[in-house]
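Undergrad: What follows is each chain in one-letter form.
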Amino acid sequence: MERLLGNPRAVLVLLGPALLVYSLVMLVPIVWSLVYTVYEGNAVSGFEFVGIDNFVRFFNDPTALEAVGFTLRYALILTVLQVVVGYALALLYVFYLKKASSLVRTLVFFPVILPTVAVALLFRRFFEAAPTEGPINSIMQFVGLNTFDWFGQPDASFWVILMMDLWRSMGFYAVLLYAGVVEIPEDIIESARIDGAAGWRLVRHIILPLSLPVLLSATIFSINGTLKVFDSVVALTNGGPGTSTTPLTVYMFQTSFSFGQYGYGSTVALMLTVMCLLVTIFIFRASRRDLTRNDK
Amino acid sequence: MTTLAVTPFHRRVRTFVRRLPVFIGVAILLAIVAYPLIWLLLGSFKQQDEFLSEPFWSLPRNWSLDNYTEAFVGGGLGKYILNSVIAVFPSMFLILFLGTAAGFALEVMVWKGRGAVLLVFLAGVMIPLQMILLPLFTIYFKLHLTGTLWPLIITYTATGLPLTVFMMATFFRAVPREIFEAATLDGANIYRIFWSVGMPLVRNALFTVALVQFFFIWNDLLIALTFTNSQDLRTIQAGLLNFTGQYGAVDYGPMFAGIAVNVVGTLVLYLFLNQKVMKGLTAGSVKG
Numbered sequence: 000m001e002r003l004l005g006n007p008r009a010v011l012v013l014l015g016p017a018l019l020v021y022s023l024v025m026l027v028p029i030v031w032s033l034v035y036t037v038y039e040g041n042a043v044s045g046f047e048f049v050g051i052d053n054f055v056r057f058f059n060d061p062t063a064l065e066a067v068g069f070t071l072r073y074a075l076i077l078t079v080l081q082v083v084v085g086y087a088l089a090l091l092y093v094f095y096l097k098k099a100s101s102l103v104r105t106l107v108f109f110p111v112i113l114p115t116v117a118v119a120l121l122f123r124r125f126f127e128a129a130p131t132e133g134p135i136n137s138i139m140q141f142v143g144l145n146t147f148d149w150f151g152q153p154d155a156s157f158w159v160i161l162m163m164d165l166w167r168s169m170g171f172y173a174v175l176l177y178a179g180v181v182e183i184p185e186d187i188i189e190s191a192r193i194d195g196a197a198g199w200r201l202v203r204h205i206i207l208p209l210s211l212p213v214l215l216s217a218t219i220f221s222i223n224g225t226l227k228v229f230d231s232v233v234a235l236t237n238g239g240p241g242t243s244t245t246p247l248t249v250y251m252f253q254t255s256f257s258f259g260q261y262g263y264g265s266t267v268a269l270m271l272t273v274m275c276l277l278v279t280i281f282i283f284r285a286s287r288r289d290l291t292r293n294d295k
Numbered sequence: 000m001t002t003l004a005v006t007p008f009h010r011r012v013r014t015f016v017r018r019l020p021v022f023i024g025v026a027i028l029l030a031i032v033a034y035p036l037i038w039l040l041l042g043s044f045k046q047q048d049e050f051l052s053e054p055f056w057s058l059p060r061n062w063s064l065d066n067y068t069e070a071f072v073g074g075g076l077g078k079y080i081l082n083s084v085i086a087v088f089p090s091m092f093l094i095l096f097l098g099t100a101a102g103f104a105l106e107v108m109v110w111k112g113r114g115a116v117l118l119v120f121l122a123g124v125m126i127p128l129q130m131i132l133l134p135l136f137t138i139y140f141k142l143h144l145t146g147t148l149w150p151l152i153i154t155y156t157a158t159g160l161p162l163t164v165f166m167m168a169t170f171f172r173a174v175p176r177e178i179f180e181a182a183t184l185d186g187a188n189i190y191r192i193f194w195s196v197g198m199p200l201v202r203n204a205l206f207t208v209a210l211v212q213f214f215f216i217w218n219d220l221l222i223a224l225t226f227t228n229s230q231d232l233r234t235i236q237a238g239l240l241n242f243t244g245q246y247g248a249v250d251y252g253p254m255f256a257g258i259a260v261n262v263v264g265t266l267v268l269y270l271f272l273n274q275k276v277m278k279g280l281t282a283g284s285v286k287g
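As they're listed, the protein sequences go chains A and B.
For what it's worth, numbering that gives the first Met the number 0 labels the leading residue of the first sequence as 0, then goes sequentially.
For what it's worth, numbering that gives the first Met the number 0 labels the leading residue of the second sequence as 0, then goes sequentially.
No lab work stands behind these hints: they were computed from the structure.
Hints may contain errors.
A partial selection of chain A residues facing chain B, derived with a Cβ cut-off under 8 Å [claimed, not checked]:
hint	residue
1	VAL83
2	VAL84
3	VAL107
4	THR115
5	ALA117
6	LEU120
7	VAL181
8	LEU215
9	THR218
10	SER255
11	PHE256
To list a few chain A residues with every Cβ distance to chain B over 12 Å, as calculated [what the hints assert, rightly or not]:
hint	residue
12	LEU14
13	GLU47
14	PHE157
15	GLU185
Bear in mind the structure is a predicted one, so any value in this text is a computation, not a measurement.
Even glycine gets a Cβ: it sits at the ideal position worked out from N, Cα and C.
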């Protein structure tokens, strides 16, 4: 029996194809991309060895540094928004809507599966100022404010992207966190209630500490996704006005495919990867320290 | 007598008043979720001058399908959808087949190093796709695959594998080992155990993973944008992005119709399978 389930030829037959495709299309290109970082050029014009020039250029490139800034700012704020709003919705589902929450859960989840491109094009019209006024500007005029060009100004564009992505993803985080909150044993909450904890105090001292693990995984998931934001930005602002809403992913795409700089593009991609790893490790570390402090 | 009749009513009123803020909150929440989509559907029936001169809450003057016809005929939406279908379904099939076999080999079969291989797959979930785009572009260019839909199928298959292998391994872990051991004692060979015992046991999981992968691939923009450089190869997402370029701020109706077609496709799927979709996507949330 053990011989059969450990048959090396069968392992090769079953695992081989997947491992081969995965290695050729993902692992080999990752290493290849690392090699590109010390070259400059592209597939058509040929390559030239440049050493660490690409990295020197990256740290002296104002557009690249602006992209790092945008990516971090966007990822941090959106992660906080996603987790906080998602958690608030999860609490609403569990403690207010209770058994009736299924329909609301399903409806609020719906935008999650919509194509980002469709949502972004829709929100573009929704916030439009000219030639036609979108609903947002119409409402602003109705209450006596001036029409505002949301996409003509860096900060406003930034917030429109955030609002759209929150709209798109809050249902997802609500369901993810709902699964964690609903598993908190009923008797713990009940005994806390008998001890007089209610409302905010119940959440703060009982429910929040008990949902820390699922909050942590939601945060890590969220930050990893938001650091890689691409679709929303490309379809909503295309990085503009100017380069003010260009994240690293879009900057990598532009340097690589618009300007044909494979070496520099790979360097930007590597920086993005390093950033994802660092942020994830940082959150892991920070959360562990917090947990030990709570234990004392 | 009167107090007895009034008290339950009073209690009901009091409960209602106490719950009123929650009702209002939920109503606002649902309005925020639904309104942009309702506005989209209404817009897809409006004429150009209605966009320019009527207020945003106005209903379309007539419910003609002209915008939809225009999106398909003038905008080439049909071609985009066809390209998406050609790219999505073969890659989905390959992902499921290869991923399940690999999950089986990694979880059910016993051999040295399987933990390490699973970790290698898991690493692929974390790496940003930007790391592999440029080398792949060079490879496809050298192999003369540029100008076909093959780069999309190959890339989707490979990038979908890590999550699928990971999820299938998790599902196989939940199957009691005795079932496979009993099958070996019955004298079935390993491929038969995989195909006739393993596969049926994870049939539900397979369906969930298929849904998750469908949404990831169907909604993908990055890979579609990178490897389709001509109008004829655009998938629905890349094509829709181009819709704005082509019509600019000029032709709202067909663009709304195009967005609506894109949205309604996923809406129909969600209408029937929402519980499975929600479960699958949150289970696949290791992808980050």
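Undergrad: Each of the hints needs a verdict: does it hold here or not?
TA: For each hint, the structure was consulted:
1. VAL83: Constraint on VAL83(A) not satisfied, violated at 15 Å.
2. VAL84: violated, 10 Å
3. VAL107: holds, 5 Å
4. THR115: Constraint on THR115(A) satisfied, holds at 6 Å.
5. ALA117: For ALA117(A), the interface hint holds, since the closest Cβ of chain B sits about 4 Å away, which is under 8 Å.
6. LEU120: holds, 5 Å
7. VAL181: This hint is violated: VAL181(A) lies away from chain B, its Cβ roughly 12 Å from the closest one there, beyond 8 Å.
8. LEU215: It is violated, given that the least Cβ distance between LEU215(A) and chain B is near 13 Å, above 8 Å.
9. THR218: violated, 10 Å
10. SER255: holds, 6 Å
11. PHE256: holds, 7 Å
12. LEU14: Per Cβ check, LEU14(A) is inside 12 Å of chain B; nearest 4 Å; violated.
13. GLU47: holds, 15 Å
14. PHE157: holds, 19 Å
15. GLU185: holds, 21 Å
The structure fails hints 1, 2, 7, 8, 9 and 12 (numbered hints given earlier, in ascending order).
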